[in-house]
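Asker: On the provided structure of chain A, position chain B as indicated by the hints.
For the record, the sequence lines run as chains A and B.
Counting from 1, one number per residue, gives the positions in the first sequence under my numbering.
Counting from 1, one number per residue, gives the positions in the second sequence under my numbering.
Derived from the structure by calculation, the hints contain no laboratory data.
Computed Cβ-Cβ distance ranges for the label pairs, DEER-style:
#, chain 1, residue 1, chain 2, residue 2, range
1, B, R96, A, D295, 36 to 46 Å
2, B, R464, A, A231, 53 to 63 Å
3, B, R302, A, A304, 51 to 61 Å
4, A, A320, B, R96, 34 to 44 Å
5, B, E120, A, G50, 46 to 56 Å
6, B, L393, A, A304, 46 to 56 Å
7, B, R38, A, L276, 51 to 61 Å
8, B, L462, A, V51, 30 to 40 Å
Here are the computed lysine-lysine pairs in the DSS-like style, where the Cα-Cα straight-line distance is at most 27 Å:
#, chain 1, residue 1, chain 2, residue 2
9, B, K348, A, K49
10, A, K79, A, K49
11, B, K348, A, K79
12, B, K93, B, K12
13, A, K7, A, K49
14, A, K242, A, K186
15, A, K49, A, K31
16, B, K213, A, K301
All C-beta atoms in this analysis are idealised placements derived from N, C-alpha and C, irrespective of residue type, glycine included.
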Amino acid sequence: MSDSIEKRLQQQVLEAHHAAQPLNIVGGASKAFYGREAGGAPLDTAAHKGVLRYDPAELVLTARAGTRVADLEELLALKNQMLGFEPPRFSGATTIGGAVAAGLAGPRRPFSGAGAVRDFVLGVKLLNGKGEIMRFGGEVMKNVAGFDIARLMAGAMGVLGILLEVSLRIVPQPPLEKTLLLEQPKPGDAIALFNRLAARPLPLSAAAWDGGETRLRLSGSAAGVQRAQAAIGGEADSLGHKFWQRLRDHELPFFANHERSLLRVSLPPAAELSPLSAPQLVDWGGAQRWVAEADFDALRKVVARHGGHVTLFRHADRRAAIFEPLAPPLHALHLRLKRAFDPVGILNRGRLYQAF
Amino acid sequence: MNRQSLSRRFRKFLPRSSVIDQPGSLRAYECDGLSAYRQLPLLVILPETVGQVRRALRVCRELRLPVVSRGAGTGLSGGALPHPQGIVLSLAKMNRVLEIDAPNRTARVQAGVRNLAISEAVAHLGLFYAPDPSSQIACSIGGNVAENAGGVHCLKYGLTVHNIAALKVATIDGDLLTLGAPGGGLDCAGFDLLALLIGSEGMLGVVVEVTVKLLPSPESARVLLGAFDAVENAADSVASIIAAGIIPAGVEMMDNPAIRAAEDFANAGYPRDAAAILLCELDGDSAEVGAQVIEVRAILERHGAVEIRVARDEAERALFWSGRKSAFPAIGRISPDYYCIDGTIPRKHLSRVLAEINRLSDEYGLRVANVFHAGDGNLHPLILYDANRRGELEKTEELGEKILELCIQVGGTITGEHGVGVEKIGAMCAQFNDSERAQFHAVREAFDPARLLNPGKAIPTLARCAEHNAMHVHRGQTPFPDLERF
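Isolated chain A (complex conformation) (with noise of 0.2 Å):
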């Protein structure tokens, strides 16, 4: 049955490929308002679901790019495991595809344990703009045979190739979590004690600060979170859990309340974006905030200082520029490296750049 669907994506992308008609991939539509708009012909990938493989003790799992998210966690948490990324669902229809080609990472991020979508890609299995299919990476933990094509993938928005099939390194739950409230007007001072904690050997697992409120999380043994709960001080927050679900989903107040623009700003966990005006909500210890109503070429200047980039993430133009702008010889690049996956350009044209 699926092995059916794949060949039909296939024959769908040869198609294209053969007429030079541009295809927009879809896996679940919740990241639909993300990157620029890419027209073209829609090409369904949510049928092709299902776990193929799924060994617990290898820590490795294999699953079609269709499959839900929730369904995955759902599974894993079986065996008392998740995934380290802890990729947001914008809706329940989320997939694995879609997050892997994303590339979007939820609270955990930064911590030790956890990681970027691309950290936790072990293989993947693809269709490029000729309609081939091909695998690359593996099954296991180390691989170094070739170049590290299935990373690459994670974060590309599809505009690479079309995920088949994706493996991904799984790792074990915590055995207790535990949210930390302080009251904290100025983000100024969250991020300063982010940074503070995060240089000492603390089982931290997410640090946010959203309206004079920060919130640490500690994930470890009964012992550990005990011993750095004592270190750290705060009350505990018994619906803390809700709270880091809400900032991964969105659906804290923070993004309801700002519904005419959302930036993202990921910057050094520890640089000072003062005077900041515009209303933020800071994330992963500082690495990532999010920035409602500012102008996205003022607030690009004062990021660009710290070496960190600004994201249009919702509520924009969707025709004009979404992603910082690459300097002239890494453009070229990504333009000639589109060009080796994707000769004709057909795949989720101009949904990063619009040069491809």
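Answerer: Just chain B now, kept in the frame of chain A:
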């Protein structure tokens, strides 16, 4: 162009001491850590600045000269083997730590800085750089990036690719690219070229500067040693530790030939009669580590460990590790030569793979000792041979290739951390099909259309694989025609 006129061309912008053109001095660069392959280059250059690297690359492009980048030359797959018509570009003189950013926990270093020197430079801040290949005292960070080096602790802390924030890379055109987030942020705009460059074996660009991520040094580290009278019991213990939700900092396994060699060499106190030993290191918060030591001990007991020891102090911990860390020189003492394999397999197939390696060892009449990064499935069979015996190297290589094919057969890979280089280029034909290899070449040409960077390494040409696979068909064995390769 001959050696002398080429040397003059580079000396126009490089100091005299940065151009090596005398055959006697070139000899030092004829091989890397895989000394079975040797080749003199036309010339070796050792630039001192990024500007000199860029200028040198422009000259190479103009003259269509192959360029082999080289760090410390400790690689084990011949990745830095010189090209007879090309130059070696050594980064050895670019060995300065440029900046330590304590608040953002990064260090910016030149490519020639030694791996261990980074951790030494930041130890006073309570920070360290996690990847620790066994050659860390000598190997350079640029070489680590080229090979995506691993180490004993990568089960918990990841490989090089997980611990780099940014790279500065000189292209064959002499452009300088900044990849990743140089300030220490966690991502950048565009494709993840940082991930693509790491492990690309010097074929996409020359890494000149590396910004590494630093981690807080763990408060406590403790190690257990478990001895088993059956390899399966040791392997099952590892699966149970991980199934219990514990990610050790490192889990290493050795089989009996490796235990004996290491014990004779290092006197680490290993039980010489054990079929296998496990070393399991736990690190982190001291309360957490204490609880995990008890749990791991119980798991080892449950799986029939005949002896369990927990290192009582730092000295004993170092002693436990000394045997494992000296496994390679220990084998070097009992055999004139040895050949190290780097296949990685799903752990659950360990017993089967070791049994098959033993069978192959008998068939070829060559001894094999096994050391194993058991946590992440990375197997290092060491084939003992004597290069002075006619035909023994060829026989060893054939056995090596058989072992790699076995790794692919059980769903693994031909190289976990040493790279393909020249050594495993034939095995790449078994792991990837024509369209996959064509895709690799297309990616390479996006960076280097004239294919001047490290030619002949890592990615075999289609013609080479046609020849390689034809040879295999002649022997009546197409490499796994019906194999599902994941």
